[in-house]
Amino acid sequence: MRYPFPVGKADFIQGDEAIARAAILAGCRFYAGYPITPASEIFEAMALYMPLVDGVSIQMEDEIASIAAIIGASWAGAKAMTATSGPGFSLMQENLGYAVMTETPIVVVNMMRGGPSTGQPTFPAQGDIMQAIWGTHGDHMLIVLSPSTVQEAFDFTIRAFNLAEKYRTPVVLLGDAELAHMRERVYIPNPDEIEVVYRKLPKNEEEAKLPFGDPHGDGVPPMPIFGKGYRTYVTGLTHDEYGHPRTVEPEVQQKLIGRIYRKILDNKDDIISYEKFELDDAEVAIVSTGIVSRSAIRAVKILREKGIKAGLLKLNTIWPFDFDMIEELAEGVKKIFVPEMNMGQLYHLVKEGANGKAEVELISKIGGEVHTPMEIVERVVG
Amino acid sequence: MYLKSAYEIRDKYLRKDMLPTIFCPGCGIGSVLQFTLRAIDDLGLNQDEIVWVSGIGCSSRVPGFVNFDGLHTTHGRALAFATGIKLTNPDLKIIAFMGDGDAAAIGGNHLIHAIRRNLDVTVILINNFTYGMTGGQVAPTALKGLKGTTAPYGQFENPFDIAQLAVSAGANYVARWTVFNYLQGMNSIKKALQKEGFTLVEFLSPCPISFGRRNRMKTAPELIRWYQKITVPLAKAKKMPQEELEGKIVIGEFADRDRPGLVREYQEYIKRAKKMMGWEE
Chain A
38 MRYPFPVGKA DFIQGDEAIA RAAILAGCRF YAGYPITPAS EIFEAMALYM PLVDGVSIQM
98 EDEIASIAAI IGASWAGAKA MTATSGPGFS LMQENLGYAV MTETPIVVVN MMRGGPSTGQ
158 PTFPAQGDIM QAIWGTHGDH MLIVLSPSTV QEAFDFTIRA FNLAEKYRTP VVLLGDAELA
218 HMRERVYIPN PDEIEVVYRK LPKNEEEAKL PFGDPHGDGV PPMPIFGKGY RTYVTGLTHD
278 EYGHPRTVEP EVQQKLIGRI YRKILDNKDD IISYEKFELD DAEVAIVSTG IVSRSAIRAV
338 KILREKGIKA GLLKLNTIWP FDFDMIEELA EGVKKIFVPE MNMGQLYHLV KEGANGKAEV
398 ELISKIGGEV HTPMEIVERV VG
Chain B
715 MYLKSAYEIR DKYLRKDMLP TIFCPGCGIG SVLQFTLRAI DDLGLNQDEI VWVSGIGCSS
775 RVPGFVNFDG LHTTHGRALA FATGIKLTNP DLKIIAFMGD GDAAAIGGNH LIHAIRRNLD
835 VTVILINNFT YGMTGGQVAP TALKGLKGTT APYGQFENPF DIAQLAVSAG ANYVARWTVF
895 NYLQGMNSIK KALQKEGFTL VEFLSPCPIS FGRRNRMKTA PELIRWYQKI TVPLAKAKKM
955 PQEELEGKIV IGEFADRDRP GLVREYQEYI KRAKKMMGWE E
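Protein chains in written order, with my numbering: chain A, 38 to 419; chain B, 715 to 995.
Read the hints as simulated data drawn from the structure, not as lab findings.
Treat each hint with caution, since some may be false.
[To be verified] Some chain A residues near chain B, calculated using beta-carbon distances under 7 Å: (1) E98; (2) A113; (3) Y270.
We put the beta carbon where it would ideally sit given N, CA and C, even for glycine.
Produce the entire structure from the sequences given, and follow the hints as far as they go.
If you want it as structure tokens, here you go:
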């Protein structure tokens, strides 16, 4: 197959562009969006590439329609993505919940900007962490990934599609304006160099009759896509394993939501990804995610030069969250610092994880600038 | 015209394990559903190549009762979901079963944009002037003076004329009937299903429980008689002075044209893109 961009070599591109190219290499063939800074360049790249790979790129009337269209596309068999920023992500929340409830594999990119409301369109922020995890109503479980470099934006996009397909779930890729617009060297692999996962399809009529069952015992039902003669009914109402609405029986809701939680939580080891820097002998730990991790790495180096045993835990997956791992970390250090570009969101998760085993301190920064390494260093030194 | 027995249609197309339906006595949705299934049957369309989409509301529960692929989505968004399905798999024919509140209020923007794009979909629209599922609040189609739980003293806003809106936005086929005009209704659905692009058939449909009993029409026959009183066939309406049409609803076929549908336009767009990039001659 011919690709509309060079593969098998490095390129110098924006984060947004990297996400678009990765999506196409991951097999995405349907993109629906609504322009918004700083995610518009993802759309623009998709608009350029999609027709050339016989995919669809369509500008919808709003973000609600965009996520609706990609869910429809997914049920028709396509790998599908939309991208937005804070205000648009807020609009998508209802249908994000629909995707959770109907177990539809989709990828939703949110390149965060300062908020609330229209906020700071061109400046980075990490204010949507809680919205990504808990934004939609009701009890739900999804996956949230957080890249910190343009290369990671590329790699995590492929991973987002793979996780979405593997676990039949929406995956949120949470970047920020800095990453969206920054240019870096990115290696764009040949298609045969990357692992691409496709959703489980029903093997027979019997499996197809249980579009929300658990025929394989792994919590992930095969997805009978439309037009194959299975006559599947998909509803956002509480439904049994056949897809029939059953809204007044507590046990049906418990079983369904229980499985939606379980299929993610039972596979935490596969889903959760993190990197540790200098943590083996650390007395002070920094926990961060996304763009701030880059300053944090530098801060750790400076602190080490100053003779302070600091280390960094960089979270690539924000949700599901490994509370146990944080507790283990807290047991080995005196203090944990959480630098983040908001008034404290990751901080609350880390604090809960630490479970009182170590003091946890927030290094909050808002306004649209990433923490400088020295800002982190100064707070750690005290 | 020979009509198959209703039992035959029921057995062929309904999911027996989902019955009974949620519809109240006297509701018109079942009739319109029957017209639609009869149209599909008469045309001999492949059941496995039709997807039913819907939003939220009484009429939006229809995809659950028919034995087809079905997507019962969020309130008002059915046509946005349909856009994704149709563009991903153009071989699928899409029927959107919607209510007036679903399509014209919360989904109004999706409706006009789906029409503007000429999305290949057949909308079957149940208009009962009310939000039936939530207990009889006024809908944006409610005529002035009609009562609802949220307008207990009579609606003071102007109503939407959905069919006229669809004509203006560019739909390929638009018709409106009452459930009483069953032959015209069925024929319109048949025409709509055979057309490329956006097609819409609106039905004035009785809702005695949520709507009728708040407006002194407690039974379906009373509502049907009222529809007969307030509706005017298009040919007759053309000759009537504007004052006389005040408070009346025109029924008939309002548009029948063949603009290219979204699928065809996008396929052309792909060709153009490849040509512009020098990928294809």
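Each hint tested on the structure:
1. Interface hint at E98(A): satisfied, since its Cβ lies 4 Å from the closest Cβ of chain B, which is below the 7 Å cut-off.
2. The beta carbon of A113(A) is positioned within 7 Å of a beta carbon in chain B (closest approach about 4 Å), and the interface hint is therefore held.
3. Because the beta carbon of Y270(A) sits about 5 Å from the nearest beta carbon in chain B, less than 7 Å, this interface hint is met.
Every hint, counting from the list given before, is met by this structure.
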